[in-house]
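J.: Keeping their order, the protein sequence lines are chains A and B. If you count the first sequence from 1, position 83 lands on 83 in the numbering used here, and the numbers rise without skipping. If you count the second sequence from 1, position 138 lands on 138 in the numbering used here, and the numbers rise without skipping.
Keep in mind that a hint or two might mislead.
Which copy is meant is left open, because identical chains are indistinguishable; a pair holds if it fits in one copy or across any two.
[Claimed, not checked] Straight-line C-alpha distance at most 30 Å; calculated DSSO-like pairs for lysine-lysine:
id, residue 1, residue 2
1, Lys120, Lys574
2, Lys371, Lys407
3, Lys120, Lys493
4, Lys137, Lys579
No lab work stands behind these hints: they were computed from the structure.
Protein chains: 2
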Amino acid sequence: MRLVSKKYNILKTWRFGGVRGPARCAILHNSAELRMANKIEIIPLGGIGEFGMNCMGIRYRDEMIIVDAGMGFPEETPYGVDISIPNFDFLEEYRDDLTAIILTHGHEDHIGALSYILRKFNLPVYSSRFTLALTEKRLEEFDMLGDVLLHRVKAGDRITIGEFDVEFIHASHSLVECFSLAIHTPVGTLIHTGDYKIDDTPVIGKPYDLKMLGRIGSEGVLALLCDSTNSTVPGRTPSEQAVIPAFREIFEQTDGRLFVSTFSSSLHRLQIIFDIAHEFGRRVCVLGRSMQKNVEIASEQGILQIPHDTLIDLGASRALDDDEICYLVTGSQGEMRAALWNLATSTYKGMEVGTGDTVVLSARIIPGNEKNISRLIGHLYKRGANIIEEKRRLIHVSGHASQEDIKIMVETAKPRYVVPIHGEYRMLFRQKEFIKNHVAGYSDEDIILIENGNVLEIDEYGARVVETHELHKTFIDEESMEEIEYDIIRERKRLAYGGTISLVVTVDKKAHRLMGEPQISLNGVAGLDPTNGFGADARQAVAEAIRDMKPEQIADRTVFKENLRLHLKRYVQKELGTKPVIITTVVEV
Amino acid sequence: MRLVSKKYNILKTWRFGGVRGPARCAILHNSAELRMANKIEIIPLGGIGEFGMNCMGIRYRDEMIIVDAGMGFPEETPYGVDISIPNFDFLEEYRDDLTAIILTHGHEDHIGALSYILRKFNLPVYSSRFTLALTEKRLEEFDMLGDVLLHRVKAGDRITIGEFDVEFIHASHSLVECFSLAIHTPVGTLIHTGDYKIDDTPVIGKPYDLKMLGRIGSEGVLALLCDSTNSTVPGRTPSEQAVIPAFREIFEQTDGRLFVSTFSSSLHRLQIIFDIAHEFGRRVCVLGRSMQKNVEIASEQGILQIPHDTLIDLGASRALDDDEICYLVTGSQGEMRAALWNLATSTYKGMEVGTGDTVVLSARIIPGNEKNISRLIGHLYKRGANIIEEKRRLIHVSGHASQEDIKIMVETAKPRYVVPIHGEYRMLFRQKEFIKNHVAGYSDEDIILIENGNVLEIDEYGARVVETHELHKTFIDEESMEEIEYDIIRERKRLAYGGTISLVVTVDKKAHRLMGEPQISLNGVAGLDPTNGFGADARQAVAEAIRDMKPEQIADRTVFKENLRLHLKRYVQKELGTKPVIITTVVEV
Chain A
1 MRLVSKKYNI LKTWRFGGVR GPARCAILHN SAELRMANKI EIIPLGGIGE
51 FGMNCMGIRY RDEMIIVDAG MGFPEETPYG VDISIPNFDF LEEYRDDLTA
101 IILTHGHEDH IGALSYILRK FNLPVYSSRF TLALTEKRLE EFDMLGDVLL
151 HRVKAGDRIT IGEFDVEFIH ASHSLVECFS LAIHTPVGTL IHTGDYKIDD
201 TPVIGKPYDL KMLGRIGSEG VLALLCDSTN STVPGRTPSE QAVIPAFREI
251 FEQTDGRLFV STFSSSLHRL QIIFDIAHEF GRRVCVLGRS MQKNVEIASE
301 QGILQIPHDT LIDLGASRAL DDDEICYLVT GSQGEMRAAL WNLATSTYKG
351 MEVGTGDTVV LSARIIPGNE KNISRLIGHL YKRGANIIEE KRRLIHVSGH
401 ASQEDIKIMV ETAKPRYVVP IHGEYRMLFR QKEFIKNHVA GYSDEDIILI
451 ENGNVLEIDE YGARVVETHE LHKTFIDEES MEEIEYDIIR ERKRLAYGGT
501 ISLVVTVDKK AHRLMGEPQI SLNGVAGLDP TNGFGADARQ AVAEAIRDMK
551 PEQIADRTVF KENLRLHLKR YVQKELGTKP VIITTVVEV
Chain B
1 MRLVSKKYNI LKTWRFGGVR GPARCAILHN SAELRMANKI EIIPLGGIGE
51 FGMNCMGIRY RDEMIIVDAG MGFPEETPYG VDISIPNFDF LEEYRDDLTA
101 IILTHGHEDH IGALSYILRK FNLPVYSSRF TLALTEKRLE EFDMLGDVLL
151 HRVKAGDRIT IGEFDVEFIH ASHSLVECFS LAIHTPVGTL IHTGDYKIDD
201 TPVIGKPYDL KMLGRIGSEG VLALLCDSTN STVPGRTPSE QAVIPAFREI
251 FEQTDGRLFV STFSSSLHRL QIIFDIAHEF GRRVCVLGRS MQKNVEIASE
301 QGILQIPHDT LIDLGASRAL DDDEICYLVT GSQGEMRAAL WNLATSTYKG
351 MEVGTGDTVV LSARIIPGNE KNISRLIGHL YKRGANIIEE KRRLIHVSGH
401 ASQEDIKIMV ETAKPRYVVP IHGEYRMLFR QKEFIKNHVA GYSDEDIILI
451 ENGNVLEIDE YGARVVETHE LHKTFIDEES MEEIEYDIIR ERKRLAYGGT
501 ISLVVTVDKK AHRLMGEPQI SLNGVAGLDP TNGFGADARQ AVAEAIRDMK
551 PEQIADRTVF KENLRLHLKR YVQKELGTKP VIITTVVEV
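So here's chain A without its partners, still in its complex pose (with noise of 0.2 Å):
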């Protein structure tokens, strides 16, 4: 079943010859010189046990490169964040080393952090031209453009970056010019998939190029990266031809105006949609900076072929009759600032939805946003929309393989071992356990769980983690462009949590004694009532605790702050039953 190059069979009869365990261990340490000297380390900065942020370093003795650059979408919203991001300051041992970023594809869990890492170091990024032109877009908004190097390559391309030989294999995936990487190194080859889906019909471009991923599958993997995103999904992804069908039915049944919401960086689905609705008689307009960006990009690239005369501006649009318009817009996710959610609860530029209209959300719902989405859904039912799901009609496929796509994957690289790589660890765990299960020839040690901030160590010896860094997320405020600490964040939970006091108190400087009344603040602090006089009483009980205090617990300010701090967070707790932040000072006069 399963061909594995003599070179690695080898090994494998060497490696378990009898010697495992503690023994094994000692054995490898014996060698520690020769594994030194020849020997790739695999390091991943995001995307390991979580969604999102997907980033991975890959070193072999002292050159690294960088494989994607993605930002994540955290928890951490209220507090100011509107993104994280990979904490590249964790590269800066490897400053030295880092030779290229590689991007696999354009979406912004691989891209989106690409300006934060260029800042701190200034490589050369590889991708393909449409990947590129995203970067483009983003690395203007950061007035980085001129100061980056961007090499176009495209698939079946081998670029030489020192020792590393890299081929960039056509992956199918629901955006377009995806990579898979086979980086070739002294030690063997690596196959990373990217995001991808065993695609035999996709909408635009080529099927996934499984001749290319078997050629090189057949001269010897060491290592398979892949992707587990829907490890947990039986059987196949469906082509993205798939929704043709459910989407003819929809413009042929329609009468009134039309709105398709999908992923702005979905270009087949758009391609569908521009080719269903000139076959309907439907104009289609564009709503959404993001998804307007991408059909710009797309169509002057000649990947997204628009039929002559069918996209139209807003303005345009207006002069239509109902059923001779089809509107793309942002929003599936029910995110709160894109064009969607505006149409279904106020205005989009005047428009609105309404009754008559019909809305079809073509996208899966992303975890985490299903509150969103059911209150966009219930905003449009008010107002009169008929609504087409997801789950209702076969109107939205998955980008990423599903079980018996991985298993594709796996039989063609026939890689020494497997590496599961982006999405949460359930999804990575799941993928090891369908192909400990479902391939011939893998078992247990063969599939390798790595987490974030692991350095995974593969040589001819086998593949271990041999060390293992915290690599917290870096979490950015999109407005400023800036790094938001972590201390930061933690400061603004407590203050969310119970509010903050602030206690002004003044002091004699030299006799050490209180002087008018202490002042205090508040804000956000709850269990107040105007007529129980809390402030009143809470002043009091701190002006009653300083004259307690001995001149001697005054005069060491550092002391008396603290002792004051902790005296009204006491009383505070005592009367009100909250815990708000308190912040002292104190004036000397």
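Got chain A sorted already, so can you dock chain B onto it with the hints?
T.: Same frame as chain A, but now just chain B:
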């Protein structure tokens, strides 16, 4: 198909006898006096357009009963909020009318706010023995048990509360001793389904009492207030017994320790586990306070039949072999304080889940909990446990009516009007859509969608929303058991988003000029760098601004403080790009 009582039949003929729309309204207005005299008002305080917090006022003339007083689980938890409850202050205007609270069953989203409403309105409470036992525990915590009048009723009972006659219909659900209510009024009969499913073979107790419902239906029902939770689910909801085969298989196939997590109130499920555990020679140990409480009450009342010697405590369980024990644990939703989370991530009373253990997640995912549950599963996998999830085996059934159950309900109750309740607007809408399309005799105007705060008036002339109150939910800090005002939440949100700066300025009381240096304390403020001297610069900027002010600008302290705040705000925005809350204190000496 549909049997309408003669009374309503006549009314229907009258109502739609060619007079519709505005013309019909005119007629209704002319008969205003008659309407005032004989109408029912239905006023939902919670549970409509949202999950949880079920509560409804039903009024006839100067009498009003309350059905259920449930809690909700709001998204405001980062702001010190534990639960939400309906805004009972709204009932103040009905204070003299309120006569009773009826609880349909003992789930928290139906009884969790009872203590809070009773604190404001000390009304007699009617419910089943089991439900009252649960509420008593809650009232004890509030030290209110002695002050509240609890009336025990049982299925089949008919009681009189003023002008209301209430019959208690035995309802099947995931909990036990649940009721649907038939509320007879001089205007007609309302049926409030409570939570229900049409279970022909429940594990505990009898099937849904369709006979009683049918009898009431044939006497004539004006309106059916009907649970919508599962109105998007086709078919019938499987019986509680449906999970038995899968559980038997699991017990048969498992050698190691078995942990079964389910909702602590799912008594049918608990009974099944006790029975099968006994059958397979395992003892059962219950971990987690809420489940222990429910098991205790239910077995005391003879509802839960625990086989002899099966229930043991944690200490005794440790002495058993792995295949002799089954733990029933709380925490199926990934709650971080529950038993299962502790077992998976650290320890629970010295015990942890590990290799060889099997964990059964016998519960659905409540929307919003996806991420936590996925994280929980990741931790369990990391510990080496085998996990059995709901999606892969039939180990959970819903307690709510699916579409075909709803059809049975409507066809048996034969109401003049249907009012969907319990659920997000999407579910209410889908119930309407389903009944309209699949139950003979119901069209658009027979199914009435309402929202929290609506006053739905029903009389012999029709059903209509006559008023809408804006009802904000009330947030509760469970530690202090106190309300948190929405203004406080708003302040906390601002603190969370940008942190806070406390600015203290000392001025000469008479000369109105700055004394000493302004003092600044920062908390949760991003963009600072120990080396960039922001603090010193900001102090300097404030001092300069004060020096530029005229004495009269300083003399008016209110204007002075506001000017200082604005000045510092602009300075911070320019320098740091952030918007902290600025708290200004002026000290006069």
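J.: Each hint: holds or not?
T.: Structure-based check of each hint:
Only between protomers do Lys120 and Lys574 lie at most 30 Å apart by alpha-carbon distance; the minimum there is 24 Å, versus 49 Å within a single protomer. Within a single copy, Lys371 and Lys407 get their C-alpha atoms only as close as 34 Å, which misses the 30 Å cut-off; across copies the closest is 27 Å, which meets it. Taking the closest pair of Cα atoms, Lys120 and Lys493 come within 30 Å of each other only inside a single copy of the chain (28 Å); across copies the shortest separation is 32 Å, beyond that limit. Only between protomers do Lys137 and Lys579 lie at most 30 Å apart by alpha-carbon distance; the minimum there is 27 Å, versus 46 Å within a single protomer.
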